[in-house]
Each structure stands twice: as C-alpha cells, then as structure tokens.
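Asker: This is what each chain is made of:
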Amino acid sequence: MDCNAGLLGPTFVTGLILGFIYALIALGYTMVYGVLKLINFAHDAVFAVGAVGVFYIVGQWLGLTENLGGVALVLVVLLALLIGGLVSAGGAALLERFAYRPLRKRGAARLAFLISAIGASFFVTYLLQQDFLLGAGKRGFPKFMATERAFVLFDSTVTNVKFLTVVVAILCLIILDRIINQTRTGRSIRALSEDVVAAQLMGVNVDRVILTTFLIGGFFGGVAGSLYAMQFGFVVWNMGFIPGLKAFTAAVLGGIGNIRGAMIGGLLLGLIENMSVVCIDAEWKNPIAFSVLVLVLILRPTGLLGEKIGG
Amino acid sequence: MTANNRTFTDFLNESAPRLAKALPEGALKAMNVPYRGWQRMGLLRYLVAIIVMASLPILMDKDIIPVLNGSFGINILFITGYWILLTLGLSVVVGLAGLLDLGYVAFFMLGAYTTALMTDSGSPEQFHIVVWPTWAALPFAVIVSMAAGLLIGAPTLRLRGDYLAIVTLGFHEIVRQAASNLAIVNASRGIAAIPSPEFNLFGLNFEFGLDNEYYWWFLLIPAILGAVIMIKRLDHSRVGRYWTAIREDEVAAAAMGVPVVKMKLWAFVIGASTSGVAGWIYAVNISYIAPNSFPLLQSILVLCAVVIGGLGSISGAVLGAVLITTLPEVVRQLSDQQKIFGFDPETGRIAIFGLALIVVMIYRPGGLLAARRRRTELSEAGLSDAVSGTADEPTTSDHSTSDTTTIDEVIDDRPAGEDHTH
Amino acid sequence: MLTRKLALSAVVVMLGAAACGSDDPPPRKTARSCKWVIGTLGALSGDYASIGRPIFQGIEYAIDEHNLGSDLPCDVELRAEDSQGDSNQAAVLARALVEDDRLVAVVGPYFSGETLATGRIFSQADIVFITPSATGATIDDQAFTTFFRAVADDAIQGEVAARYIASLGPNKVAVVHDNQDYSKGLAEAVQEGLGDVATGPYVIDPGETDYSAVVAEVAQANPQVIFYGGYSTQAAPLLRQLRDAGVKAPFISDDGAKDPSFGELAGEEAAEGAQVTCPCADPAQIPAASSFVEGIQATYDRPPGTFAADAYDATRLIIEALKGVDKEAAIEDVRRRVLRFLSQVDGYEGVTKTYSFDRDGQVEIGPEGIWIYEWSQKHGDFRALGPASDLIDG
Numbered sequence: 001m002d003c004n005a006g007l008l009g010p011t012f013v014t015g016l017i018l019g020f021i022y023a024l025i026a027l028g029y030t031m032v033y034g035v036l037k038l039i040n041f042a043h044d045a046v047f048a049v050g051a052v053g054v055f056y057i058v059g060q061w062l063g064l065t066e067n068l069g070g071v072a073l074v075l076v077v078l079l080a081l082l083i084g085g086l087v088s089a090g091g092a093a094l095l096e097r098f099a100y101r102p103l104r105k106r107g108a109a110r111l112a113f114l115i116s117a118i119g120a121s122f123f124v125t126y127l128l129q130q131d132f133l134l135g136a137g138k139r140g141f142p143k144f145m146a147t148e149r150a151f152v153l154f155d156s157t158v159t160n161v162k163f164l165t166v167v168v169a170i171l172c173l174i175i176l177d178r179i180i181n182q183t184r185t186g187r188s189i190r191a192l193s194e195d196v197v198a199a200q201l202m203g204v205n206v207d208r209v210i211l212t213t214f215l216i217g218g219f220f221g222g223v224a225g226s227l228y229a230m231q232f233g234f235v236v237w238n239m240g241f242i243p244g245l246k247a248f249t250a251a252v253l254g255g256i257g258n259i260r261g262a263m264i265g266g267l268l269l270g271l272i273e274n275m276s277v278v279c280i281d282a283e284w285k286n287p288i289a290f291s292v293l294v295l296v297l298i299l300r301p302t303g304l305l306g307e308k309i310g311g
Numbered sequence: 001m002t003a004n005n006r007t008f009t010d011f012l013n014e015s016a017p018r019l020a021k022a023l024p025e026g027a028l029k030a031m032n033v034p035y036r037g038w039q040r041m042g043l044l045r046y047l048v049a050i051i052v053m054a055s056l057p058i059l060m061d062k063d064i065i066p067v068l069n070g071s072f073g074i075n076i077l078f079i080t081g082y083w084i085l086l087t088l089g090l091s092v093v094v095g096l097a098g099l100l101d102l103g104y105v106a107f108f109m110l111g112a113y114t115t116a117l118m119t120d121s122g123s124p125e126q127f128h129i130v131v132w133p134t135w136a137a138l139p140f141a142v143i144v145s146m147a148a149g150l151l152i153g154a155p156t157l158r159l160r161g162d163y164l165a166i167v168t169l170g171f172h173e174i175v176r177q178a179a180s181n182l183a184i185v186n187a188s189r190g191i192a193a194i195p196s197p198e199f200n201l202f203g204l205n206f207e208f209g210l211d212n213e214y215y216w217w218f219l220l221i222p223a224i225l226g227a228v229i230m231i232k233r234l235d236h237s238r239v240g241r242y243w244t245a246i247r248e249d250e251v252a253a254a255a256m257g258v259p260v261v262k263m264k265l266w267a268f269v270i271g272a273s274t275s276g277v278a279g280w281i282y283a284v285n286i287s288y289i290a291p292n293s294f295p296l297l298q299s300i301l302v303l304c305a306v307v308i309g310g311l312g313s314i315s316g317a318v319l320g321a322v323l324i325t326t327l328p329e330v331v332r333q334l335s336d337q338q339k340i341f342g343f344d345p346e347t348g349r350i351a352i353f354g355l356a357l358i359v360v361m362i363y364r365p366g367g368l369l370a371a372r373r374r375r376t377e378l379s380e381a382g383l384s385d386a387v388s389g390t391a392d393e394p395t396t397s398d399h400s401t402s403d404t405t406t407i408d409e410v411i412d413d414r415p416a417g418e419d420h421t422h
Numbered sequence: 001m002l003t004r005k006l007a008l009s010a011v012v013v014m015l016g017a018a019a020c021g022s023d024d025p026p027p028r029k030t031a032r033s034c035k036w037v038i039g040t041l042g043a044l045s046g047d048y049a050s051i052g053r054p055i056f057q058g059i060e061y062a063i064d065e066h067n068l069g070s071d072l073p074c075d076v077e078l079r080a081e082d083s084q085g086d087s088n089q090a091a092v093l094a095r096a097l098v099e100d101d102r103l104v105a106v107v108g109p110y111f112s113g114e115t116l117a118t119g120r121i122f123s124q125a126d127i128v129f130i131t132p133s134a135t136g137a138t139i140d141d142q143a144f145t146t147f148f149r150a151v152a153d154d155a156i157q158g159e160v161a162a163r164y165i166a167s168l169g170p171n172k173v174a175v176v177h178d179n180q181d182y183s184k185g186l187a188e189a190v191q192e193g194l195g196d197v198a199t200g201p202y203v204i205d206p207g208e209t210d211y212s213a214v215v216a217e218v219a220q221a222n223p224q225v226i227f228y229g230g231y232s233t234q235a236a237p238l239l240r241q242l243r244d245a246g247v248k249a250p251f252i253s254d255d256g257a258k259d260p261s262f263g264e265l266a267g268e269e270a271a272e273g274a275q276v277t278c279p280c281a282d283p284a285q286i287p288a289a290s291s292f293v294e295g296i297q298a299t300y301d302r303p304p305g306t307f308a309a310d311a312y313d314a315t316r317l318i319i320e321a322l323k324g325v326d327k328e329a330a331i332e333d334v335r336r337r338v339l340r341f342l343s344q345v346d347g348y349e350g351v352t353k354t355y356s357f358d359r360d361g362q363v364e365i366g367p368e369g370i371w372i373y374e375w376s377q378k379h380g381d382f383r384a385l386g387p388a389s390d391l392i393d394g
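Protein chains in written order, with this note's numbering: chain A, 1 to 311; chain B, 1 to 422; chain C, 1 to 394.
These are computed hints drawn from the structure, not numbers from a lab.
Using N, Cα and C, we set each Cβ at its ideal position, and we do this for glycine too.
Check each hint, because a few of them may be wrong.
[Unchecked claim] Label pairs and their calculated CB-CB ranges:
#1 Y363(B) - L62(A): 35 to 45 Å
#2 L304(A) - E192(C): 41 to 51 Å
#3 R97(A) - E294(C): 54 to 64 Å
#4 D390(C) - I280(A): 23 to 33 Å
Bound conformation, chain A alone (with noise of 0.2 Å):
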C-alpha cells in the first residue's frame, strides 16, 4: 500500500467522472428493485441495446459521421442521448412484458425471475454478437462530437465529452429524483414499493406502474450506454457485462431501491476503483471491487444509505 501522491489528484477526478456512469446505470437496478424487489440482471443487455441502437440509427441510417459543431453538434448529441434512452426504455420494456410479467402472473418465486433475467441478458447479448449484428469485435461509434480538452483539473485533463457525462448524470439525477418524490407517478411508484396490496386497494395500477419503472430504468440506462459508447468511441456486443456488474455493486454499496444512494456508490465505487489503482496494481482492481461489494453485503446488507426508494 503506497500510494502514489502525485496521483490522487488526477485518479479522483477520473474515478468521479467513472462513477457518474456507474451511478446512471445503477439507477435502473435501483429503480426494479424498489417495486418489484428484484435484481434486474438484465439490466446490463439493456444498457447496451441504447448504445447500439445510437450507432445503428445515428450512424448507420442518419449517416452523422462526420465532427458537427456548434447548434447542429448540440442537437445531434441531444438527438443521440434521446434515441440511446428511447430504445433502451423499449428494451426495457419488452423484457418487463415477456421475461417478468408471465412469472408475476403466477406467482413464480424469486428463482424464477432471476433465471428469467439471466436467460434475457443472455439471449440479447449473443443475438448482438452474430454476424448479421454488431458481429465479434468492436465496432467504431458515430465520431460526430470531436473530442477536445475542455479544461484541467487537479492535472488531470477532462475531455469535453467526459464533462458532458458528468453534466448529463447529474440532470439525470435531479430530474429522476423529482419525478420520484414529486410527480403523481412517483408516487404510486414509491406506493408499490412500500406495499402492493395497500396500494392497489388505492387505485394504483400495478402493471402500469411497473412498466413506467422499466421504461424509466431503462431510459437512464440507454443514456449512460450512449454516453459511454461516445466517450470511449465503440460498441461492442458484451459492452454492458462489465459496467453493469459495477452499477450493480454500486447500486448495493448505496443501498439497492434508494435512488440517493444508487448515486452515492457510483461515486464511491467509482473513487475506490481509481485508487486501488494507484495504491495497490491495477490488476486487481476487479477483485477489490468485488471484495467490496461482499463486504458491504455481510457487514450491510441495506447499503449505505437503506433501501427506501423515494428521499
């Protein structure tokens, strides 16, 4: 354990910029779980599906390729984000409506919707692996925003799309967080998650209910698989695994179903994942993670911040 001094500084700042992402994602485990108690192992399938659907309509049909500027740059990004939350909503969607609604229906127990779940993720992500889709490698995503040092920090240069990230995170979370705990949706959303019963017996649609958390869920999460696919510059068939795993860590670390909490252990794991970089070997940046993830698990169970949904 040495840490490298002179490294804090810019390994803070790119573990806060990677933790935005991961705080994004976990959103959509945080969201499932608050109604439904469920682990959304799908989750992953369908941050990538958002991703991939931006290189196909914004690269392959729209043909936008080329570094924009100015208003067009803005509008296409928007545009891109838009369409990443979109599919990735209708994904999320789908999954609800063919992998979880059936088993609610009868009342299958937890094994089932979590087998269910894997099977999905599965299915969507070697479907993106043939040859008449993405195919094995990675595949170059629409360059249409050029990558340009927007300023340095703490020695540590933040790109302009990498502070676009972290601009987009933080609107998605004050956005999410309001319609949660101030819109008529929220609340029927934070009715379910304290008591189905109750909250039928109010007037709350269950199963409309449980779709819009999907399609909330899965809308952060296309926007994070799209701003990850920009920022790195390619889709890849299992470019969800990873990130999904983390999101998923960092969903518990703050305490799964708490949508605060989602975005505080994306900070930290994303802080904790840096500096075991620079203190320890990057090689082992993933079983630190995960001995991470165990501990909280064992020491407690409801995360940092507990596992109510609503703040």
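Since the structure of chain A is provided, determine the placement of chains B and C on it from the hints.
Answerer: Relative to chain A, chains B and C alone:
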C-alpha cells in the same frame, strides 16, 4: 435374482457410508438413514445404465453412431461426462437447496488447478517440493473444491437469493483474476504438461492417453454413478428433506428446527465435491490449463444445463449436459460450420440457450425432465412463494429467532403485481 | 462433410475455369481416386476472427492454387476447424482432425494457448503441425515432437522491439500490457531489453473499457515512448484514451495490434503514426512475392493480411513434402514423410523468407524477420516501414 440382489445391495449399503466418511458429518448422518429405495428403483436400472454407458465408446469406435465417431466422438463423450458431474453438483445447489450459484465453475477451476500444481513438474517452482502421483491429487482436488464451497458459503449464505447470485458470480471472477495475476500459479500463462494417470491392475498396465481415449470415459462412469447414488441418497435422506423444507419455506423450516444456514452450507459443499472430481479429470485429460479456460460463461452454461434439463432432477442434469455439450458439436459437424439462419453455431447456441431459460421458466419451470418430487416453488402461486420471498430478507436471515414474521409482512414483500385486482 | 467437399470442388472448378478462360473447356484432370487432407485449426469466427481470417486465406489460397495444376497423385483438400481462439475448443477439434485418416499435416493452431492445448494430441498421432502465427516462447519447452513454427517467436520480437525503441533515443519508455500470456511475455521481453529506460509495467484489464487510472499513471510518468503489449481490441481504445488525456508520446505495439480496425477504434487523429512490430514481412514490399499478393487480392478482394504469407509458405512446404509420395502409401508413412521433409528442409524459398528449421521446429530467423509497420489513415491500414534491422541501422 433376489439373493444376488440383496448381497449387492448390502454391499452398496455398506460401502456407501464408508465412502461418505470423507463427507461432512451431516451428510454422514444422512447416509445412515435407512433407505429402502434400492429395491424399489431396482438395480436393473443401474445395470442398464452401466451397460449403455460402457457400450457407447465401443459403438463410436466402430463408427456405428453417426457423426460422433472414433476418438472425436469418444472425446465428446468424455466432455459430456465431466459436464454431467458439473450439472449434477450444481443441481444439488440450485435444484435441491434452491440457492442460485452463478460462479459454480470456480470450484471446478480450483479442482483443476489443485491437480495441476500437485502433479505437474512443469508447474511453478514453489510447488516442486513433492511431485505427487496423479491419483493422489484426486482427493485433494475434491477437498479443495469443497473447502472453497465452505469458504464462500459461510459468509454469504445468510444473504438473500439474488445477492447470493451476484456474490457467487463475483467469486468466479475473483478466483479467475487471482489466477491470472498470481505468479505462483504461472499467472495467465497457465500450466502445461499435466501428466495423465496410469493404472496397474493385476499386472495389466492401463495408460491413460490419447491412444485409448475410452479409458477416460470408463473412469467417468463410476464417478457419475457415484455422484448419482450420493445425490439420490441425500435427497431421500433427512438432509434432502431439510433442503426441500428450506427451499419451500425457509421461515417455516427454521421454525421447525431445521438448521438453515448449516444445511445450505452442506448443499454448497456437496455440490462443490463433484466439480472437484470433474476438475481433476479435466486437468489430467487436457494437460494444459490457464485462467482463460474457465470463463464466466461456463458457469452460466452449467446453470443453463441444469435449468433446462430440470432443477433437482438427475436425468434432467444429464439431459442438460448433453444439450449443452453434445448437441452443439453434432450441429457443428452436420452444418459443416456454416451459419444456421445467420447464427454462428458456437456463439449462437448461447443466445438460444438464453431464450430457452426464459421459455422454460415461463412454460415449464420444472425443466424438460422435471424431478418427480417436483415441488411448488417454481410453478404454483401461493403463500409459500411469498414466504420464500421474505425468507431471504437479510434482516430476518437468522430465522431461528425471527418467528415474529407475520403473514402480512410476508405478502408485502413478494414480487409485486401478483394481481389481486383482475 | 459432404457440403464442404461440394463447396470446395466448386471453388476449384471455378478457379480452373477462371484460369483457363471461357473458350476452351478447362482441361480438368480427371478426378483422382485418392485424397490427402491438410487440416487447419484456429479462430475463423468469434472475437479473434480478424486475426484468424487472413491466416486462413493464406492456407486456402495455397491449396486452391496448387489444385489448379497439381502434380501430386492425390487431390489435396483443406479441412478447416474453427476454434474461435479458445484452447478448450481447440483440444476437441484437434481430436476431430487427428481422427481423419486422410490427414497428412496441420497448418495451425493460430494461437499459443491453442498450441499448448493441442500439441500433445498432434505429437502423439505423429502428425506435423506447423503454426504460422503462434509466437509464444514457451511452446519450445514442451518437447512437442511434430511442432514447427514458420515465424520468429516473441523472445526475438521483444528483443528487436526493444532495440528499435532504444534507437529512437528516448530516456523514458512506459511499458503497458494487458496481463494476458502473449502480451505479458512480449512486454517483459521489451522491458528487459530496454533496461533502466523502461518504467512499468502498467497493467490494464482486457475486459474493461475505462483505462483512466492507468492512463493517469502513464501521463504522470511522462514517457517519450509508450510500448503496449497486447491486441488491437485494447490497444486502440487505450491509445485513444491516452491522447484524450493529453499524452502525446509515440505509441508502439506488436503484431497483436496489427489490425485494420485499429484506426476506427482509436480514432483517426490518435491512430495516425502509431507503430507496431510484427514477425511478418510485408509481401507487398518484396518483388518476388508479387504474384502471391496479386493472387490474394484477386481472390479475397483485399491485400494479404498479417501472417497470410507465412501461412501460405507453411502450406506450400507441406505440399512440397508430398511430392513423390506414392498414392498407395499408408497414411502413417505419408505423415512420417512430411515430418522428415520439414526436419531436413534447408533453405526452401518462401514468399517472404527462406525456411530451415532448428531441432525445436523453430524456423531459423534472426532480427531481420521482425518488421515495423505504421498506421496511415490515408491507407486505412498499417503500412510497412521495413525490416526493423534496416531501420535501426539507418
């Protein structure tokens, strides 16, 4: 028939507990529970199984079985065989005890690595003090796998089901990445030149190698039968009934005095034991192992095999292993490596198995060959489901003291939307 | 099997027709009564297909070309098995190949892990396997009796890469790798060759996408050159992230990174000028190889890729070994004859180099066998700068 029958049965009944001495105390107790199933199930089925299994490589060698012929076919048979050991083991964990383990292949990997490090003079120097004979590594491979089951199970089995799943998945990654990072196990380079076993019987020397591939399969037959007998006996013993009780209704089981955590731990440990055997035989057969030989995907595929075949069902586990290993090879040979409806036979099968998981869960939760004593938890709506939902709550994980849980709390916690309104 | 035979004979017929023009009916030799099979085993699909395909094309082209004007008593057929680069799968498929009682030799496997997992199978069956691309230095230690390698191994490549980097005159080189066997071995060889000038190794996780922490470490070290041991699928994103973080030092990698998709993944500006070392000569730069280059271009509509020429040569060597073998000869004798031929071959003129093998089956080649390539956005591919030995001297 009767006389012979009885003596052979007696022999099995005597030897089984002896065999079980290596097993933990609880399992040993369970073995001693009088069990009359032998006579009912009939030795005949076992004999038929042995004859069929023994004749397969001969038929393949004579090219009587299409596609899978010669040493290629026998090798596929061998792979299917050690996969059956894996699916049988995981079937105990997921099917009998109801614990979702997504990192099962980590135990397999530990068994294989133990074997490689003990027997291979080409393994890193730290392990050079004694180069063990191949056979001597077998019990150690099993013990290490079981100990790993204990190690990962002890702190995590109090977690609810979905957390357990993710922790076991993480466990697989930790083990694999640790192996790729640690120089003392050759890191990502892996270990090559693991020796094959030899076997002297009445002056006859059986050398396991590539010239007579079917030896390997004959080594697997007793291993598979042993595992089947062990699992059947456990399932029909008190341990099996405990597992059923836990899987059905953990709260009620705890209230009735079932040592929940302890029994879950047995499931983990016993499930890991067969993967230790599989790991040993895999390592000495393939002779080269590296961290990349054990991708996470394999853990998922074993789960697919168990679920599709039938959770908790022995014939289901066998069918599952055949579907996951043999079928794709046959398809590959027949299709001549061409794409099938645009699907690559190797990766496309995973997409198809993924889809099959959903379909099986929705339409046939017991799997293709459902266990006869198939219980309610995957198929029927009812109170017991909802209870098993809460039973996993961490706050109430120590169920021996949590008898205050009321039905109302329980209902709150089941997966929502189990419609009362429609 | 049937479909493959049909497909292949169709290819041969078409090639024959193309070669002979449309006027006269192609003087097809009457179908010979016997058949010899050359096997190949490697990643034809999956994650590593972009590495495996060019190698396969070199082999396929050699056999198709030979069959047009064969002077052998038997037809030569290619049997391809797709391991996807997975050593478990390779061990299964190697048995399928060995089982084929017309198989005379194997060109492959393509990767070192696969070679380690299958070497015993081929050796015990007395079947020659000659790899055109598995460069792992540990294979020699295994005493595989029928193993041959048509390219220089990683020990030589690492040494030459280190000398090449040193010739650029940096006083600090950051060595990065992804902790896989191939990458690590090469990176360690480079680090050793550079001595005190090298810092690191900095290790990335090949399964990850975000290398920001390692990038920060490299940025802080402020090297004049960065060497990366590994494959293009990580090398290109890593380079992109390095450039994003403001690290401008020249980026040098290895044959694993020599892939036409490099530019797309790294981004145009970042990729420009990135260099790789490769134990593969560029046939386009060698006048004697022009007919090979044109032939590959005409058949596959792209120039020969990495190791295509070496795979072609390896296949030609086996066909050469079959000359003069009696069609009635038992398959074991044919196999033994191939083994003897390769052990004794002395100065066979291949497309890009001459072949003699040492006792371990390693082709005898020194530093001149390592070439340097540079990414050129204009060409959309790596372009050869020449053999490293020339560049170091010059």
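Asker: Are the hints correct? Go through all of them and say.
Answerer: The hints, checked one at a time:
1. Y363(B) - L62(A): 35 to 45 Å: holds, 40 Å
2. L304(A) - E192(C): 41 to 51 Å: holds, 46 Å
3. R97(A) - E294(C): 54 to 64 Å: holds, 56 Å
4. D390(C) - I280(A): 23 to 33 Å: Because 43 Å falls outside the window, the suggested range is violated.
The structure shown violates just one earlier hint, number 4.
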